[in-house]
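Enquirer: Using the sequences and the hints given, assemble the complete structure.
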Amino acid sequence: MTRGERLRPVSLGPPPRHQRRGRLFAAVCMAVTLLPVLVVAVLLGALVQSGAGLDEPTVVLHHLAEGGAQQLLRSVVGSLWLVSMCACVAVPLGVGAALQLEGPRRPVRSALALNIASLAGVPSVLFGLVGLELFVRALHLGHSMVTAALTLALVVLPIVAVAARSALRAVPDELREAGYALGATPWQVTRQVVLPAALPGILSGTILAIARAFGEAAPLLLVAGMTMSGSSTALGDPRGVLPLHVLALLVEPRTAASAEALVGVVVLLGTLLVLSGWAMHLRHRHERRRDGPWFEDPR
Amino acid sequence: MSATPTPVKLSMHELSAWYGDRKVLDRISFDVPATRITAIIGPSGCGKSTFIRCINRMHELMAEARVQGRVELDGHDVYGLEVAPEQLRRRVGMVFQKPNPFPTMSIRDNVLAGLRLTGTPASDGDDTVEQVLRAVALWDEVRDRLRSRADTLSAGQQQRLCIARALAVRPDVLLMDEPCAALDPIATARIEDLLGDLRTRYTIVLVTHNMQQAARVSDRTGFFLGGQLVEIDDTDIIFTGPGDPRTEDYITGKFG
Ligand SMILES: Nc1ncnc2c1ncn2[C@@H]1O[C@H](COP(=O)(O)OP(=O)(O)O)[C@@H](O)[C@H]1O
Ligand SMILES: [Mg+2]
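First to last, the protein sequences are chains A and B. Quick note on numbering: numbering that gives the first Met the number 0 labels position 170 of the first sequence as 169, and the sequence is numbered without any gaps. Quick note on numbering: numbering that gives the first Met the number 0 labels position 13 of the second sequence as 12, and the sequence is numbered without any gaps.
Calculated directly from the structure, the hints in this document are not laboratory data. Even for Gly, the Cβ is constructed at its ideal location relative to N, Cα and C. Treat the hints with caution; some may be incorrect.
SDA-like, lysine to any residue: derived pairs with alpha carbons at most 25 Å apart [stated by the list, open to error]:
#1 B:Lys22 to B:Pro6
#2 B:Lys22 to A:Arg105
#3 B:Lys22 to A:Glu173
#4 B:Lys22 to A:Asp172
#5 B:Lys22 to B:Gln67
#6 B:Lys22 to A:Glu176
#7 B:Lys253 to B:Ile236
#8 B:Lys253 to B:Gly226
#9 B:Lys253 to B:Leu193
#10 B:Lys22 to B:Glu71
#11 B:Lys253 to B:Arg215
#12 B:Lys22 to B:Gly44
To spell it out: a stretch of chain B is covered by chain A in this simulated footprint if at least three of its residues, at any positions, have a beta carbon under 8 Å from a beta carbon of chain A; those stretches are [to be verified]:
#13 52-61
#14 90-103
#15 107-118
#16 161-171
Partner residues aside, some chain A positions facing chain B, computed with beta carbon under 7 Å [claimed, not checked]:
#17 Glu173
#18 Thr184
#19 Pro195
Expert: Structural data, given as structure tokens:
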């Protein structure tokens, strides 16, 4: 090795092996990040194509005007009802479970936590079967909105519980101590210190859960059947919900129906996008807050 | 500094504490005089924090924590069956090493947090807020922004807010665990000034790893080492002619 070679700046040479590998890794990561974008693009492409492929696009508009739009709207309203009822059950239960799991560490708690977390991975059809057995057959709730909401609550409960648990864990112990040192009871500390501090995290978990419930069709097929006809607003009645409406349109032989289904898909996707964007916004705000002077390490 | 004898506010008898099987406090016994500042010094890990957390029963909140012996407040055993830890903690306030105001609450709500948390209606809320914020010399700095969030304050202001929050519950005793460890010298000086003012009305137990601070502000100083109380005496005696050679070694900087 000559003297000149040794003095050559490192950056001018070919990148060393580990650096090249690092770049490859970054490229793969980038590609993976772009995957969801690709999925949405393909979906939108399919949509435009099937719209353009129609012999008479006006048929769709006509049918929508004739009552298709009303049906669509009704199914959206049905979905909103359903997810609200579902959230009313799943959120308190999920947060309650998370609070239970956050007590002093015990083997039972760890086992339960693992159990709940793995429930999140169970296919939702299975929850449909559970709902059918439990709510329809055992509790005689019928093929109703209540049954559907309770079943969906089972599906999203782990999502809420896991999100709430990590939000509760992120609350610094210093805050709990501050509460106790002021003479608050464990319950007062939980309700007035811990829960408010964990609220953004719990909310964003809740929104994700609602988004999931909003798009879920499989368990509903099992517990409520494909009933599209109901138009009453009574809570006991099975009503059309958006995913089932889309599904029904897709299997309908009418040519224009599939285009209408795609309109439904757009509404569905749009709602999901808005919901997850909102969840992301909340989480982002939550994280930024932690950079405040309060969290700074003293050293 | 304290020539005249004053009534005893707190007294420890053979106080020992454990984390699991590990004993970290070994038979501590001494008295804390009322309306004086008692400083606890000693190297890191010697049990200072554990000790003051035994006084307001915060120690028992830790999993596996255990206490033996007696702590008496005005002659009553705080570990007695009829004492609720929550009631005790309202008479014995605590300030922590790291300022810990409730970050999502306003400055005003932080001051009143102790009253709100425990469901005590703060009928004279505004008066209380002004009074305790004046007591910690924060009133003039925050009077125009009582409704802004506490985490907008500087670290030193946050610590004074935490002291105000503790005072709002009207305790007799104030436990302070290295309250200046996270602060810069100027903020530290302000807290020390404040301690001088508070001394006339509260009994203060101040843990500090800063010997100059102990020498500057306290009336009595206790030196802890390895979970034991080596000695406790009037501060000027500890710093000029301590009875134990280990104390001398520590304050002259031979270890710790
Ligand atoms: N939560 C805990 N669990 C187990 N050991 C602890 C815990 N907190 C403190 N200790 C131990 O107890 C001893 C005393 O700690 P501490 O009271 O915090 O000392 P100091 O405040 O004087 O630095 C140390 O050896 C420390 O490691
Ligand atoms: Mg300490």
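Enquirer: For the region 90-103 of chain B, count the residues whose Cβ lies under 8 Å from any Cβ of chain A; is that count three or more?
Expert: Check passed, 11 qualifying residues.
Enquirer: Please work out if Lys22 (chain B) and Pro6 (chain B) have their alpha carbons no farther apart than 25 Å.
Expert: 31 Å, violated
Enquirer: Would you mind confirming whether the straight-line C-alpha gap from Lys22 (chain B) to Asp172 (chain A) stays at or under 25 Å?
Expert: 23 Å, holds
Enquirer: Going straight from one Cα to the other, do Lys22 (chain B) and Arg105 (chain A) come out at no more than 25 Å?
Expert: Status holds; Cα separation ~23 Å.
Enquirer: Against the 25 Å threshold, does the CA-CA distance of Lys253 (chain B) and Gly226 (chain B) hold or violate the hint?
Expert: 19 Å, holds
Enquirer: Is Lys253 (chain B) close enough to Arg215 (chain B), meaning Cα to Cα at most 25 Å?
Expert: 21 Å, holds
Enquirer: Regarding the pair Lys22 (chain B) and Glu71 (chain B), is the alpha-carbon distance no greater than 25 Å?
Expert: 21 Å, holds
Enquirer: Are Lys22 (chain B) and Gln67 (chain B) close enough, with their CA atoms no more than 25 Å apart?
Expert: With Cα atoms ~11 Å apart, Lys22 (chain B) and Gln67 (chain B) stay inside 25 Å; holds.
Enquirer: Is the hinted pair Lys253 (chain B) and Leu193 (chain B) satisfied, with a Cα-Cα distance of at most 25 Å?
Expert: 31 Å, violated
Enquirer: Are the Cα atoms of Lys22 (chain B) and Glu173 (chain A) separated by 25 Å or less?
Expert: Within the cut-off at roughly 24 Å; holds.
Enquirer: Closer than 7 Å between Cβ atoms is the bar; does Thr184 (chain A) clear it against chain B? Give me holds or violated.
Expert: 5 Å, holds
Enquirer: Verify this for me: three or more residues of the region 52-61 of chain B with a beta carbon less than 8 Å from a beta carbon of chain A.
Expert: As far as the region 52-61 of chain B goes, the hint holds, because 3 residues have Cβ atoms under 8 Å from chain A.
Figure legend: structure checked against the earlier numbered hints; hints not met, in rising order: 1 and 9.
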